[in-house]
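A.B. asks: Residue numbers (the working numbering), protein chains in the order written: chain A, 1 to 480; chain B, 1 to 788.
Honestly, I wouldn't trust all of these hints.
[Said to hold, decoys possible] 27 Å max Cα-Cα, derived DSSO-like pairs, lysine-lysine: (1) A:K120 - A:K91; (2) A:K103 - B:K78; (3) A:K371 - A:K120; (4) B:K171 - A:K103; (5) B:K127 - B:K59; (6) B:K494 - B:K546; (7) A:K109 - B:K566; (8) A:K103 - B:K494; (9) B:K172 - B:K494; (10) B:K171 - B:K494; (11) B:K127 - B:K93.
[Stated by the list, open to error] If you anchor each label on the Cβ, the simulated ranges turn out as follows: (12) A:E297 - B:G352: 24 to 32 Å; (13) B:K758 - A:G374: 50 to 58 Å; (14) B:E497 - A:S287: 54 to 62 Å.
Keep in mind that the hints were calculated from the coordinates and are not lab data.
For glycine and all other residues, C-beta sits at the position ideal for the given N, C-alpha and C.
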Amino acid sequence: MRFHDHETAFRQAAARLSKRDFLMRLGSGIGAIGLAGVMDQARGRSIVSAASPLSPSPPHFAPRAKRVIQLFMPGGPSQVDTFDYKPLLAKHAGERPALVDRKSLRNTKNGLMPSPFAFKPYGQSGKWVSDIFPHVGECVDDISFIHSMHTDIPEHAGAMMMMNVGALQPNRPSLGSWLVYGLGTENQNLPGFVAMSPRAQPRCTLANWGNAFLPGACAGSYVNIAAMTPEAVMHNLQNTHLTPTAQREQIDLLRQLNQTHLERRQYDHELEAGIAAMEMAFRMQASVPDVFDLSRESPATLALYGDTEFAKGCLLARRLVEQGVRVVQLSLSIDDYDIAWDTGHENIVDGHARLAQACDRGIGALIKDLKERGLFEDTLIVWGGEFGRAPTSEGAKGRDHNHYGYTTWLAGGGVKGGYSHGATDEFGCSAVEDRVHVHDLHATILHLMGLNHEQLTYRYSGRDYRLTDVSGHVVHNVIA
Amino acid sequence: MKPSAPTSAGQLAGLTATPLWRWQVIVRPVIGLAMAMAMGAPPSADAAKADDLEFFESKIRPVLVTHCYDCHSGGAEKLRGALRLDSSAHILKGGASGPALVAGDPEASLLIQAVRYQDEDTAMPPKQRLSPAQVADLESWVRLGAPWPEETAPGETDGSQGGAPAGYDWKKWRAEHWAFRPMAQPLPPAVQDTTWGQGPLDDFVLARLEAAGLRPAPPADRRTLIRRAFLNLTGLPPSPAEVAAFVSDSNPNAWDRVIDRLLDSPHYGERWGRHWLDVARYSDGMGGFLDAEPLPEAWRYRDWVVDAFNRDMPYDEFVRAQIAGDLTPGEVGSGVATGFFAVGPTYISDGGDPEAQAQARAETLADRVDTFSRAFLGLTVACARCHDHKFDPITARDYYALAGIFNNTSTGLQPLAPPDVVSAVDAAQREIQEIEKLLVAAEADDDSQGRRPELRETLKRLRQQAPPAYARAHQLAEAGTSDLPVAIRGDLRKPGEPAPRRFLQIIAGETPTHFQDGSGRRQLASAVTEPANPLTARVLVNRLWKHHFGEGLVRSPSNFGHLGEKPSHPELLDWLATSFIHHRWSLKSMHRMILQSSTWQMSSRHDDAAFAIDGENRLLWRMPPRRLEVEAWRDSLLAVTGELDPTRGGPPTTSLLESTRRTLYASISRNGDRHPSDDFLRLFDFPTPRSTSETRAVSTVPQQYLFMMNSPFMRDRARALAARMATKTSPDHEHITFAYELLFSREPSPIEIELGIKFLHAPTSSPDERLIVYAQALLSSHEFRQIQ
């Protein structure tokens with residue numbers, strides 16, 4: 001059959017070309033689900049598997065984690081009221097030691113303010129955790145806390161960009177899109193990267209999960225948990241006017257029309273990719289609503305997570321990674337406020353207690369659920385905001401931004417449990433021991449996923465870009 | 001690169017695996033060393049032991065180079081603390097705080113105290129603490145007596161004057177890199193087959209084909225040709241009547257007449273202007289939180305571009321207008337063209353933190369320099385923002401020489417009216433506002449009740465008499481006449497040496513003119529379009545070629561530097577570029593020349609033998625078939641269903657999928673999250689307008705088919721097409737033939753008719769419904785999305 005001759009020629013040509021040339025040549029490649037990933041699925045064979053940005057791609061070295069769930073806490077959770085226990089704050093309440101006198105535009109001129117919350121030790125590791133995080137407290141033996149985080153600026157938008165795209169402006173690819181670019185994804189019927197939040201999207205919205213100059217297929221698909229309909233998950237997912245049978249007939253007709261065209265054209269790789277993509281689209285009409293359908297969960301599981309919107313996101317995150325989605329970013333928001341933890345300005349007691357209540361149980365449930373299903377060992381959980389808050393008071397009960405020191409924690413794939421890395425000074429103001437910049441955190445996340453952050457590059461606008469720009473050191477101490 | 005991807009080009013082997021900046025920085029001292037040796041530096045009388053020197057080279061020098069030399073070496077943009085760490089003598093001499101080290105005594109050495117971060121003020125390196133292992137190595141090295149090989153300190157022998165670092169051999173670059181060489185005026189090559197070509201362009205192509213043992217594809221048939229020309233030049237398919245007329249036109253000038261008609265059509269500017277808008281990263285603003293401003297008048301720049309293409313504005317004039325059009329004396333509206341820069345992203349900080357503000361400013365300037373240099377010159381000057389360009393002869397001073405020009409400009413809404421009209425309108429409006437205030441006050445004050453009717457009356461009269469508001473556009477304006485210093489590591493708060501505003505040294509030479517006329521934009525505009533500039537014309541004709549043949553002769557249209565691709569047909573590129581200038585930079589002349597060539601008129605037929613030799617079709621053995629851009633596809637859908645609204649210009653539509661206007665008129669949010677149509681456009685490979693785009697991706701994803709199968713937009717088009725087909729009261733095969741001529745400019749094959757009749761007659765749903773479903777399949781077909 002003629003077709004096979006062309007395919008042979010195509011394959012020979014492909015073999016002569018390097019992957020990059022090949023992508024260039026397809027012109028596509030750099031587009032989205034390139035043809036081959038599609039072909040793989042649809043026909044059980046691959047002509048050029050390298051050409052699909054979404055088809056699974058081998059890491060640089062053996063990974064410790066295969067997927068990431070980022071629990072993003074926009075607004076800046078206060079470290080000394082959550083996981084960085086500083087008993088000296090009570091002793092020196094109201095004082096203003098030189099240590100906290102850091103250059104900052106922020107309103108941090110007052111004296112030290114003790115945490116309004118009690119702390120107690122949890123687990124075998126005896127890690128002290130604030131009373132507002134009892135469920136996370138129960139999981140401390142599975143967690144590596146990084147107490148020595150620091151970032152570049154104490155402003156939300158820029159610092160959020162640093163956390164999620166590794167630069168202060170919203171014009172770089174997001175962490176999740178880099179991971180999908182580097183590793184592809186396991187389920188070709190779902191997006192490789194899903195970003196979610198209840199109601200408000202985190203500040204800078206799309207940039208937090210965007211692909212910037214990476215191939216479009218690497219971008220996160222955003223899902224609003226509050227308005228969770230299949231249509232919100234993916235546009236045009238449902239056909240409102242044809243029965244599945246009638247639609248099948250239409251697709252078969254189009255397939256035949258395209259195939260007669262193919263015969264006249266003799267050879268056209270794009271057309272073949274199109275036929276396969278159309279078949280996948282047909283299947284996605286069922287598979288996408290399925291994965292977002294929580295009614296398929298057992299009552300016991302639903303009870304474990306509880307009924308907050310964030311917990312629903314945690315459960316969805318588990319369903320998504322279970323189905324092979326590479327990266328899930330779940331951002332906390334309450335009251336339609338995009339930088340929820342910023343309520344810490346006025347009042348740590350009410351603001352932080354409510355926020356912790358909104359997410360604590362869901363996070364604890366997620367860790368337990370992943371462990372029960374054997375997914376915990378190769379799923380990396382990253383918890384944290386864009387910066388922390390000052391140990392001094394703002395007004396009577398609040399705390400202002402602080403980028404000199406804060407806490408982020410990791411759990412799951414390849415991460416030590418019951419471990420604390422680095423430290424802030426005795427009042428929890430600045431990271432002083434084993435400091436970890438956001439670039440270092442990114443380097444560590446990529447490392448756990450089997451990627452060398454210096455080698456994961458993309459040539460654009462005349463130079464090679466990296467998530468970690470020109471910085472980044474892997475924090476080996478947190479790796480089990 | 002992605003993991004496990006083989007390196008693409010030999011020249012890059014090893015480079016991509018190492019962070020580029022580090023690699024390059026490390027190379028510099030080696031060059032210095034090599035030069036010192038070549039100059040016959042005397043061997044050291046007191047040479048340190050070989051082991052110690054090896055320790056120095058493997059553990060110490062890389063740390064110094066990577067972490068210290070940006071501020072503490074002869075090559076530093078600005079030396080900090082008067083301290084150099086690039087020679088033993090300099091280290092021992094020390095800087096502002098005294099000697100940097102005491103050989104043999106780490107505890108007494110300032111360098112060691114600094115890297116230990118003992119004191120916040122002297123902690124070094126400032127941004128990133130060294131690893132404990134690196135600190136320990138430095139301690140060991142000091143303990144060893146700080147051994148250093150004998151050499152001349154770099155920076156002392158490179159004779160750098162005027163900022164030219166020793167790394168660039170300017171003359172060599174100008175002589176050897178194809179894009180910097182003066183444009184040649186090559187003669188068309190001799191060809192064996194003298195019957196095929198219709199002009200020099202064809203000779204250049206054919207000579208290469210013949211040399212490779214390839215034959216050009218046969219000429220395309222007339223239906224294919226006219227369809228290709230319509231889609232290519234106007235982004236709309238020909239009507240069946242237009243196809244029939246051309247097919248039966250035996251006049252030898254028939255083809256020329258088609259070309260002329262299409263180039264005269266206002267749809268030409270709508271199609272080709274859009275290509276330029278990709279380069280101009282055109283959007284209506286709304287770039288998300290740090291770049292959130294909407295640009296409600298951006299469409300005026302879009303309309304200016306479309307109009308410039310339709311009027312065939314000479315390209316050199318087109319370029320100058322976009323850089324400095326606002327400076328044309330006495331001409332109202334000439335500044336709209338500077339929307340090229342003004343519609344770009346303008347970043348802010350969200351809290352006034354000085355670091356964040358400097359960063360936002362730096363990022364905005366980077367957009368201007370990047371867009372300017374890639375769009376007009378095909379050079380990636382923005383790579384030189386933090387250091388000299390790693391691959392091309394572009395210094396950080398070049399970057400700041402250009403950034404300084406844009407730093408002297410502001411962006412904002414400017415009136416499109418003569419000054420007297422502006423002042424009359426403004427005065428009238430001020431008067432109205434004053435009366436309004438009085439009226440508000442009178443309404444709040446019972447005592448002034450009696451004045452209210454009078455005030456209302458006055459207000460009414462003033463409003464009636466007020467001259468109509470003038471239009472405004474986002475433009476550049478002059479805002480300074482100063483130079484910017486080089487910013488150390490790209491940080492505007494750390495000024496280095498001055499960088500007088502001027503054009504790029506590689507083009508302007510070693511004694512470039514200092515631009516001191518206002519912001520410097522006027523001089524910059526002249527420098528870009530100076531005929532001796534070897535880049536501007538080459539870059540533009542290559543973009544034209546790309547839109548006619550799918551790929552440019554240079555496949556990296558906005559990067560003509562070392563990392564860009566070399567031209568497949570360098571002589572043809574130069575011949576086109578010189579012809580272009582000769583034709584007074586007329587794009588329409590170039591289109592004519594290209595469309596009249598046998599090369600353009602080839603069929604897109606596949607050929608096994610040719611494919612085996614040149615699978616990428618770099619030599620152009622056929623016209624490559626290609627996907628229509630989303631604009632042309634959506635516009636064609638509306639055209640064949642008879643629904644296209646041909647209204648031109650004006651404010652954009654925010655609901656594209658409910659509109660029947662051309663896709664060009666959609667409102668584009670830079671962040672891609674403002675309008676429902678943002679998703680639609682990006683799904684079909686519309687570029688992200690955050691930075692200049694040289695080419696569009698061609699992706700095939702299931703979501704595109706979800707759109708074709710399920711969207712209300714496609715269903716509506718299918719209904720409209722079905723209605724058109726149903727007006728034919730004749731048998732089914734005539735419905736089908738009618739649709740094929742409308743959609744594909746051809747008749748259906750017997751198999752296609754059979755398929756259609758079978759589908760339309762299936763009993764599973766009503767005949768009307770089947771016709772709609774059939775119409776939707778035709779509209780979703782692969783052939784409809786292609787130019788062949």
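A.B. asks: For every hint, state whether the structure bears it out.
C.D. replies: So, going through the hints one by one against the coordinates:
{"no.": "1", "hint": "A:K120 - A:K91", "result": "holds (17 Å)"}
{"no.": "2", "hint": "A:K103 - B:K78", "result": "holds (25 Å)"}
{"no.": "3", "hint": "A:K371 - A:K120", "result": "holds (24 Å)"}
{"no.": "4", "hint": "B:K171 - A:K103", "result": "violated (49 Å)"}
{"no.": "5", "hint": "B:K127 - B:K59", "result": "holds (20 Å)"}
{"no.": "6", "hint": "B:K494 - B:K546", "result": "violated (42 Å)"}
{"no.": "7", "hint": "A:K109 - B:K566", "result": "violated (60 Å)"}
{"no.": "8", "hint": "A:K103 - B:K494", "result": "holds (18 Å)"}
{"no.": "9", "hint": "B:K172 - B:K494", "result": "violated (33 Å)"}
{"no.": "10", "hint": "B:K171 - B:K494", "result": "violated (32 Å)"}
{"no.": "11", "hint": "B:K127 - B:K93", "result": "holds (25 Å)"}
{"no.": "12", "hint": "A:E297 - B:G352: 24 to 32 Å", "result": "violated (47 Å)"}
{"no.": "13", "hint": "B:K758 - A:G374: 50 to 58 Å", "result": "holds (52 Å)"}
{"no.": "14", "hint": "B:E497 - A:S287: 54 to 62 Å", "result": "holds (60 Å)"}
The structure does not agree with the numbered hints 4, 6, 7, 9, 10, 12 stated previously, though it agrees with the rest.
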